[in-house]
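Residue numbers (our numbering), protein chains in the order written: chain A, 1 to 309; chain B, 1 to 350.
Be aware that one or more of the hints could be misleading.
Okay, the calculated bits of chain B under chain A, using three or more residues with CB under 8 Å as the criterion [what the hints assert, rightly or not]: (1) 43-49; (2) 131-141; (3) 162-170; (4) 193-205; (5) 266-280; (6) 321-328.
Since the hints were made in silico from the structure, they are not lab data. For clarity, every value in this text was computed on a predicted model and none was experimentally measured. Don't be surprised by glycine CBs; every beta carbon is placed ideally from N, CA and C.
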Amino acid sequence: MIRKYLREISVGVAYLVLLGLLAFKSPSFFQADNIRQLLVEIVPALVAAVGMTLVIITRQIDISIGSVFSLCAYIAALMAHQGVPVPLAFGTAIGCGALMGALNGLLIATLALPSIVVTLATMVIWQQALAWWKQGAPVASLPAGFHWFGLNQMAGQWIEAIIALLIFLAFATAMRYLAAGRAIYATGSDYEAARLAGIRPKLVTFNVFVLMGILTAAASILNAVIMEKVYPTSGDKLELRVIAAVVVGGVAISGGRGRLIGVLIGVALLGTIGRALIFLHARSEWGATIQGTIILLAVSSDALDRSRR
Amino acid sequence: MTQNALNSVTMAGGRSGLMMRLLPMSQQLVVVVLLAIEIIIFSIVGRNFLTVENAFEVIRQNVEIGLLALALTPVIVAGGIDLSVGSLIALCAVVLGMSWQDWGLPLGVAVGVALLIGTAAGLLNGLLITRLGIAPLIVTLGSMSLFKGLAEGLMSGRAPFTHFSTWFNELGNRYLFGFLPEQVLIFVVAAIAFGLLLHRTTIGRTLVAIGFSFDGARYAGVPVCRRLLLVYCLSGLVAGLAAVIYVARVGEANAGAGRGYELYAITAVVLGGTSIFGGRGTVAGTLLALFAIGILRNGLRLADQPAELAGVLVGTLLIVAIIGNKLINQLTDLSAGRTLSIRRERGNPT
């Protein structure tokens, strides 16, 4: 039992140590409004990380999510700005995310192209197309129903956290108990064996990329409603933060292995560091160093553990 | 033993030796045609495009990315990847500035320190990949964040380093004989060195073998770990060199140096026909693709088109190139009756 959940436990202990340090050094970190702000910061990364977990378990990768994130949030904001009803704007953004995911999935699943190259290309295309289209201008003066879904700030923050938690629980359950979830593990651990067992690995791969697009769009909306203005660069470097959190959470990059509960802890740990540094009166510029060290430590411990067995 | 190993590796691909030779060429041919089309279009629509000065300007602007692409070619041929090179430029640039201004070292020595840091960083990547057996994509994703973070941390709250000595700035801005930028000479030397390493030495052949089949190369007696360490160290060293040239050209060392360069470099390598799964690729292809991307960006600028259009086109080109590559692969597989490419069909991200 301990052996099986070793990664989740060790990352969880690291997170508790961080929280303990904060409780000792800077108890004001645990004020309710600070916690709510922290939750809201983590939520978009968590929703995107759920999608990335599926992609990595399928033994693929998607580095275009930062660009998809920026583009979807921008489309939603622009439509809302021009008077389209807010739910319709959100729906369109999610549809666009699904389409962009489907394009990746089509190239990767049906043409069997390497996902790292395909998504590298689509990342550059969407990012540059958006920069060309709007030259970096943010969308301001959003309608009342957009900011915090038209609620007050505190209610909006709780709604955000609840939506993310529901998405997380739905996928965590599906991955463990539904045939569709097991098909994802099967495709990632042995493509050919999965095909012989009657699973359609091409279809699974395609669907996973569509889901990745939808979840990225949902994450971008959860992020956009926090903002006064929506910038066309809102998703910059998101792919790296998300892949890092997924890997720290114990998902194997070689596919077929990993659990969403670990990813939740990984997202929480990496997402808390930035804010924690401020409360510990350390320079926030060192955040990336600590993040990089955690990634390397986590994967190294994995490798050492493997060689000892 | 090693010689036997090499023979058997050559034999494994030897059943369709001619096809194996032609494969990388076919994609290079596509890039050559592309280059020709670009040059024709831009000579017509661009102002001052087809001049010697502009040709060298294209190279001068792309030397740093070009160096990274050269060093990444053997890394990717050997089945690896290095995402950390862009961040490493930032770290080396900051170390260069600090060792010169804060520690009072002569600028020449500071350049040496920057190159040393680059090599050490490459060694760290290589050790984590070979000794612990972690996927290169993940190791360099982590070290990318680490190097970037170190550069930002060291620079936190201070102004960029400027006012370097004249000779140093000339390295990035002086033209020999009135037309040849100094750093282009360095680039040419590096290109020849990497071309020789990959195509004319046994080390280069073993790199191809490792990329083609890691276990196969190991059973055949290739010192796999040492070879991989070498390519990652070289990748780090070259990132240090690119940092020095960047600082000399821009005249400023800060933590923002080299941002996003790794993606352009990887794009050039893949567009040039190197397989992302390893085992196939040429330095000449990388050079051609570098020119194709560089000329595209330069020509669009001279034709008063937005810079972002170049990005969209490069991304599209990359997809078209790998689809073309795939189709050619399948055609040759059918004609030669090979089953070797099954391994490549699996979408392994690393």
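Hint check:
Counting residues of the segment 43-49 of chain B whose CB falls under 8 Å from any CB of chain A gives 0; the rule of at least 3 is not met. Three residues within the 8 Å Cβ limit are the bar, and the segment 131-141 of chain B against chain A gives 8, so the coverage statement holds. Counting residues of the segment 162-170 of chain B whose beta carbon lies closer than 8 Å to any beta carbon of chain A gives 0, which falls short of the minimum of three for the stated coverage. Check result for the segment 193-205 of chain B against chain A: violated, 0 residues qualifying (beta carbon to beta carbon below 8 Å, three or more required).
Coverage of the segment 266-280 of chain B by chain A holds [criterion: at least 3 residues with CB-CB distance below 8 Å; count 5]. With a cut-off of 8 Å between beta carbons, the segment 321-328 of chain B has 3 residues touching chain A; three or more are needed, and the interface restraint holds.
In this structure, the earlier hints numbered 1, 3 and 4 are contradicted, and the remaining ones agree with it.
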